[in-house]
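The task is simple: from the sequences and hints, build the whole structure.
If you read the protein sequences in the order shown, they are chains A and B. Here the working numbering is used: the first sequence runs in plain steps of one and ends on residue 760. Here the working numbering is used: the second sequence runs in plain steps of one and ends on residue 927.
It is worth saying that the hints were derived from the structure and are not from the lab. It is possible that some hints are incorrect.
[Claimed, not checked] FRET-style restraints, in silico, Cβ to Cβ: (1) A:K131 - B:K830: 44 to 54 Å; (2) A:D185 - B:R863: 22 to 32 Å; (3) A:S80 - B:V764: 55 to 65 Å.
Please read all numbers here as calculations on a predicted model, not as lab measurements. Even glycine gets a Cβ: it sits at the ideal position worked out from N, Cα and C.
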Amino acid sequence: MKETEDIEPNRDDSKDSDLKRLKALLLGDESEQLAEIQEHLHNPELQAADVGRVLHRAVTINQEHAPDALRDVLTPTVESALYKSVRNSPDRLGEALFPVMAPAIRKSIVSIMSSMVQSLNQMLEHSFTLKGLKWRLEALQSGRSFAEIVMLHTLAYRVEQLFLIHKESGLLLQHVSFDEAANKDADLVSSMLTAIQDFVRDSFQVGENDAIDKLRIGSMEVFIEAGSKAVIAAVVRGNAPADFPDTLQQSSEAIHKRMADKLDAFDGDTAPFNAIRPELEKCLLSKSASSGSPSNLKAVLALSAAAIILIGWFSWGAYQSHRQSLLVEALDAVPGITVIRSSDRNGALQISGMRDPLADTPQSVLREYQFSDDDVQMQWSPYQSLEPLLIIRRARALLAPADQTELALDGSELVISGVATQVWLERAKQLAPAMAGITGLRSDQLILTDSPDYLLQLARKQLAPPATVQLSIRGHSLLAKGSAHHKWILTATAGARKIPGISAYDDSGVIDLDSDSYLLSEARKILLPPSTVRLKVEQAHLFASGRATSEWIANARQQAHEINGIKRFDASKLTTIITSPSDRQLLAEAKRRLAPPEGVTLSVEQRILSVSGIAPSAWAKKAIEQAKSIKGLKGYDQQALVIAESALKALKKRLNGLQLKFRAGSSQLESDEEQKISQLALTLNKQASLIQMAQAHIDITGYSGLLTNRAHALALSRAKHVTTLLTTQGVPSAWIRTHGQKERSSDWAVDLDLKWKPLP
Amino acid sequence: MSQVLQKKVCLLGAFAVGKTSLVSRFVKGIFSEKYLSTMGVKIDRKNLQIGDVTINMMLWDIHGEESNKKVPAAYMRGTAAYLLVVDGTRASTIAAARELHERMRAEAGDIPFVVLLNKSDLQDEWQLSDGNMAAMQAEGWECFLTSACSGLNVDLAFTRLAEKLAS
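So, in structure tokens, the structure goes:
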């Protein structure tokens, strides 16, 4: 009941709760889920968590189906977010971007700085040179800035070679050059360049990615642009433009982009890289310097003319004062002249000082320096100079030496050399110490003209005596001794008088080689006359009288002409003593004239010459003739002489009779014939001395009688065969002469004959 | 069609083993030897024809290693092959070669190489024992007895290296 009551007052409430209960009964758990969903729908926290769970997948799916949609949607939001973020807190984004930006910024700044420095350098370099002045003038004329003009003139360059190098190995990938001849060793250069890079990096301990980016060698520069895989090296002559490294960098990037995989896989094959040659060739830039315009020539000429006039004005004045100072110096340098003061008064030079009266006149110096007397006014006070030249002059004036006497100064000592007289020297010795600047005197090299040695030397020179004359000096006299020709004696007498210092000449000790008494004694000595002969000399004529043998007279005639100084020999007053020769003298004379050969004996008895022995007939005939001409010989007997030829007649006869027979047509002897030859050889050897004496020889003539052309040869060979047989048995071959003849009737014989030389 | 391959080839070895003599007699170069003492490297070229392929060796003649002067690693980078030179009259140069070999492997990996036992003309001063030779061969080293003086085997060694590069 109570429950009902409870329901009654709350009718609506109870309705709701009932519904609820019904729902709970009908739906159970689902109602809770609904509640949860309800809550999800209204709770943003939970919604966000749900989206967050699926967002990445949603983006992925979106990217697949509509690739750019999300980007497009997000771009404005992201942009504005970044904008706001940078506005609110720039540091954070800066920090985040720093690793990306810094290297790029650094590189850019370095590049800008270096190009600024380059142009500044050029400006400074050219501002203060002649070229710089010219360029300034050009800038004024053209109305352009100076910097612009400098750039115009200096940007002349040429990229000569480009190397593309594999960074890791240093191998050359590609090489382009404006000059094809430079290609030859590019691979070596490429490797060496890499080695240099490595070396520098290693030596200076810089970072792995730092490298040389420029080398400069004189007017040549090598720009090196190192990429990640390949390096470009550019050889540039002249001044490359400031943006040239940028050009290289762009090329490098383009090459890296295009050849990325080829660079990664490079194994030494460079063929694929031929494709990027055009890219490299684009960097082979060049620009030539433009030549200056000629419009400023006039200005240059005008300026030059003005400059020349100015320079001329100043230099004339300078030249004049230079000339004057040169003159003053030259005057001061003259020995015995001392310049004390010099000044320029109204264009005329005034010089005052001191001058030794013995010094050179200053006028000669004025002429030398082309000054006239009007240009210069001089005032000199006299003084005594102690300069060596002046001391010598003073000494010369005082001592008055001869021409051959020389004066010199050694310190303060007067040295006298040359020749002088004793008197002069004595006077010099007295006067010298009294002269200013001289303390002593030396004369060890002086030759005194009045000393005996000097006089003797002088006399020898002047008189030139022959070797047979000795000269000597006694006091002031000259003595001569020995022998000489008359001519010399006369000239010496005259010459001696002319020698200074010699008062007398004595030549009594000289024998006159041309005097008659001297010639007579010479003739006696040479001709040795016998006591029966008397000699006499009168005016160089030799006379002989008395008796002498004809031999002595003949001998004297010959020898008289050999005596020096004898002009003629007169033997007309000599009579000859005739004496008959003795047998002994006759024999000697006969031996001399007849010249008997060996085997012949001569003898003289009672003035009859007898000849015995063996001789050739030729000698015998000659001997008869010779014997007739021997004076004093009464007769000549040749009965005991045997004539060799007649002795040989028997032998000749035997030889002629001998006929040797040969076999027909052969040089072989018939049997028994050789026996004849042996006997003949024996006989010949026995008569050897006779044959030799008569100068005989054996003629062997062979015959053949053949009609063929072998006939002569056979004849000769027969004769030779006989000769051979004879010589083997001791007959000298020199005795034998062989002949061959063919015309003979008895046709197998050999003839022998003995012949001697025909008589002359 | 013939192919041209450029290869960086290092010439390594202890001080005074004869690297430069090997190079100066058998290759073509334009650089003076003073680069060796200043920069520690001199570059020369040797071309060899292996079949259809022309191997263009850029030879990096690297200054002989001394204790106070190490071969810079940068010179070894990018090497395609190398020659190890040992002085046959100094056994100590084997150890130097071995060290260079290890450094090269660390820098460039497992690349072709040949070993030149140089100065073989100096038989009187020869120091390498059979044991040394066997040890090197056991390590897989391809060795050539060479003489820069007489020219023995030098071309053969270069050709062998080129063949390894071409294959």
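Taking the hints in turn, this is what the structure says about them:
Remark: the range hint 44 to 54 Å for K131 (chain A) to K830 (chain B) is upheld by a beta-carbon distance near 51 Å. Between D185 (chain A) and R863 (chain B) the CB atoms are about 30 Å apart, so this pair conforms to the stated range of 22 to 32 Å. Evaluation of the 55 to 65 Å hint for S80 (chain A) and V764 (chain B) yields a pass: the beta carbon distance comes to about 59 Å.
Hint violations for this structure: none, all hints satisfied.
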